[in-house]
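Novice: If you want the building blocks of each chain, they are given just below.
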Amino acid sequence: MKLVRCAVAIVGSGAGGGTVAAALAPLVSHGKRVLVLERGPRFREEDFTGRERDMAPALYADEGGFLTADGTMTLAFARGYGGSTIVYTGTSLIAPRRVIEGWRVPGLDHADLERRSREFMEANGVHLLPPVLLNENNNLFAAGAAAAGFHAEQFPLNLRGCRGSSLCNLGCPNAAKQGTNRVQLPQAERLGVEVVTRALVTRLVEKRLLVTVSARPAGAKGADPEWEPGEYEIEADTIVLAGGVMGTLPLLLASGLPGLPRPTGAGFTCHPAHILVAEHSRAITNDVGHPKSFFVDRAEAEGYVLETCMYFPFVTAKNLTGFGAGHSAFMQAFPRLQMILVLACDKAIPDNRITVDRHGEPVAHYRFTEGVIESMVRATRAATRIFFAAGAIRVHAPSADPPLLEAIDAARIDQRIDARHFRTGTISISAAHLMGGARMGRDASDSVTDHRGRVHGRPWLRVADASLFPDSLEINPYLTIMALADRVAEGVTEDLTR
Amino acid sequence: MASPSTTAPWPAFRAFAQCFIPETSRATAPEWRALEDVVRRALEARPPRVRRQVVLFVRLIDLAARARYRHGFAALDHARATALLEGFAASRLLLLRRGVWGLRTLVMLGWYTDHSVCEVLGYRASAAGWEARR
Chain A
0 MKLVRCAVAI VGSGAGGGTV AAALAPLVSH GKRVLVLERG PRFREEDFTG
50 RERDMAPALY ADEGGFLTAD GTMTLAFARG YGGSTIVYTG TSLIAPRRVI
100 EGWRVPGLDH ADLERRSREF MEANGVHLLP PVLLNENNNL FAAGAAAAGF
150 HAEQFPLNLR GCRGSSLCNL GCPNAAKQGT NRVQLPQAER LGVEVVTRAL
200 VTRLVEKRLL VTVSARPAGA KGADPEWEPG EYEIEADTIV LAGGVMGTLP
250 LLLASGLPGL PRPTGAGFTC HPAHILVAEH SRAITNDVGH PKSFFVDRAE
300 AEGYVLETCM YFPFVTAKNL TGFGAGHSAF MQAFPRLQMI LVLACDKAIP
350 DNRITVDRHG EPVAHYRFTE GVIESMVRAT RAATRIFFAA GAIRVHAPSA
400 DPPLLEAIDA ARIDQRIDAR HFRTGTISIS AAHLMGGARM GRDASDSVTD
450 HRGRVHGRPW LRVADASLFP DSLEINPYLT IMALADRVAE GVTEDLTR
Chain B
0 MASPSTTAPW PAFRAFAQCF IPETSRATAP EWRALEDVVR RALEARPPRV
50 RRQVVLFVRL IDLAARARYR HGFAALDHAR ATALLEGFAA SRLLLLRRGV
100 WGLRTLVMLG WYTDHSVCEV LGYRASAAGW EARR
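Just so you know, the protein sequences line up as chains A and B, in that order.
Note that numbering that gives the first Met the number 0 has the first sequence beginning at 0, numbered continuously upward.
Note that numbering that gives the first Met the number 0 has the second sequence beginning at 0, numbered continuously upward.
The following block holds chain A by itself, in its conformation from the complex (with noise of 0.2 Å):
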């Protein structure tokens, strides 16, 4: 077991920890070591081939599929150099005042987290793509949003160069996308923060990270880690916890430490969603350009955000309903397929919890509420009444029973697609805004941090990710978790410097 003595040590380096990490680099210069612990590897450029096959098992763990405990949902969620913000699609929304101010965080106020929000998206480059870069999946939203009385907004997008490959959660062939990978991290390496990737952090304990660095697999994905492969003792006068909800929560849980704050890991949400396809009568550009331009934000009146999707033939398949000919049929329409992702806007409540399985490994229970399945049926018809508004000849439901409605179905969305049809195991939801579970509030008796992210009664950690959530966010979170580093990063630093 090696020794290492560092100032600061950052677990994960996605939104959160590469945020911490860039805002901490100028305490190099003032001899304080600042290390960054990644899990997963250093992708190199080539190694983004935009094929699912050999994307998916390099990128997320479980290829895509981790499922909940009861199985009726898988979780996305990445691991490597970047976190999740090397697959996610670049959307950047500051967080609603509503909904900062309906956290009821003592301390923290929505000013304050637009503001940080603001300098995120100037630095990430984050802009609106101009109309000729948008493809037919996208405009053919907008076009049938607005003929069926929808309002769908522009997604603001953090792009640099985008060649429009449509394949952002594969992780962009062309280094286009602005995620901490392109913009946070390197800056923190360029003034002296060292990141070592394939490092799993294995226990926590006071001040302290048992760590395993491990070989590259022959023929894997990445470059060799920055360390030697082997056992590291990490010792630390603060540890900041960013690896994301299955990646911070489980390290708090299996470490054992004594008197952990009693909701940690309570209140997991994640915007459950599922894809919904839709057919038209001719070819159109889907599988080229940005593949997520617009939306329409029914959060705060009916619980539901509808997003442009375009996926990739395997995902396409697995959220289409059944099997067999029909199944095939659909999918052999592939270049006349319009997407809608439908994310529901869920409530954090205590049963929806992460917890270890003896092994340490995460466990994600997950119960689809009432509410839940009526705002992913609204959101399902509001989707299927601007897929016929915009043209399309018939549309996929998953909650409609059989699936499948002809343009004839189109006066009766409300009948055809039921809550009473909206059954686990035959749809394929799945989530990848995952939040909660370390929430900041008062104090351990409703919360497990404080509004900087520092773990009630223990100054020296801290959370830094969107497992500070106290609730669902009802928007693309990645902005929000910058944000909240960015304040955690200046508690750090106050720490450091008094």
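The hints are simulated quantities; they were obtained by calculation from the structure and are not laboratory data.
Don't be surprised by glycine CBs; every beta carbon is placed ideally from N, CA and C.
There may be inaccurate statements among the hints.
[As the list claims (entries may be wrong)] One-sided excerpt, in silico: chain A residues whose CB lies under 7 Å from chain B:
#1 E51
#2 R52
#3 G70
#4 Y231
Starting from the known structure of chain A, arrange chain B on it as the hints suggest.
Specialist: Just chain B now, with coordinates in the frame of chain A:
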């Protein structure tokens, strides 16, 4: 679970695959091998608990086939095999619905991530993006 490098992950695998994706009945030997390799790798990467569940579920389907038709699943004609799986998929028991969902998802993972299958579907995404289309 049997996992030899050149055969299916379980004896009835191809019968399942042909029910889920009819086009696989025309798959060549190398295409079958590629599909089965992907499925095998995916299963090996999953927790042992999940692998056990898949094996048990496959046995359960086989037992159901024997009870209902007096033949193992692999020996059923397409109509009977499909009817059996559809019955499981429509079950009131989550465990059975989930089992079919998981099995078909594995087969689809093996088939729809194949580059030549994607080409046949007309899926053309590439790093060149718009430049490749204009």
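Novice: What hint numbers does the structure not satisfy?
Specialist: 4
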